[in-house]
Amino acid sequence: MWTSNIDYSTVRYAQEFLHPTFSNGAMSVSETYVALANGFLDPAALSPIRIFEHSKQLYCIDTRRLRIAKELQRQNKVSVLQRFPFQYIKSYDQYFNFVYERLPAME
Numbered sequence: 001m002w003t004s005n006i007d008y009s010t011v012r013y014a015q016e017f018l019h020p021t022f023s024n025g026a027m028s029v030s031e032t033y034v035a036l037a038n039g040f041l042d043p044a045a046l047s048p049i050r051i052f053e054h055s056k057q058l059y060c061i062d063t064r065r066l067r068i069a070k071e072l073q074r075q076n077k078v079s080v081l082q083r084f085p086f087q088y089i090k091s092y093d094q095y096f097n098f099v100y101e102r103l104p105a106m107e
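Taking our numbering, the leading residue of the sequence shown gets 1, the next gets one more, and so forth.
No false leads were mixed into what you were given.
For lysine to aspartate or glutamate, the following EDC-like pairs were computed, each having C-alpha atoms within a straight-line distance of at most 20 Å:
no., residue 1, residue 2
1, Lys-70, Asp-42
2, Lys-90, Asp-62
3, Lys-90, Glu-53
4, Lys-70, Glu-53
5, Lys-90, Asp-7
6, Lys-56, Asp-7
7, Lys-77, Asp-42
8, Lys-77, Asp-7
9, Lys-70, Glu-31
10, Lys-70, Glu-16
11, Lys-70, Asp-7
12, Lys-77, Glu-31
FYI, nobody ran anything at the bench for these hints, they're computed from the structure. What you are looking at is a predicted structure, and each value in this text was computed from that prediction instead of being measured.
Using the sequences and the accompanying hints, generate a full structural model.
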């Protein structure tokens, strides 16, 4: 699924911190943004950005990809965002700990 209809400015981070590099260590968040924005990296090469809804709010557990998506949207890079892989999580049972323990502590 692709993300053309998502307003990323309304999506909240599901984690308190954003690590500056991806887990594979190949590129930083900033480098990935620049590569995407300038057409050097195909958005489809990224893992899907996972978003779920709780209490009428959208949350994303992929903080680095969300940060990139928010900046792409802010810079009006619509063609890139339209190819950004996306997964809407219908049930947040697997995120029970986040929803019922971490989220209340963050608010």
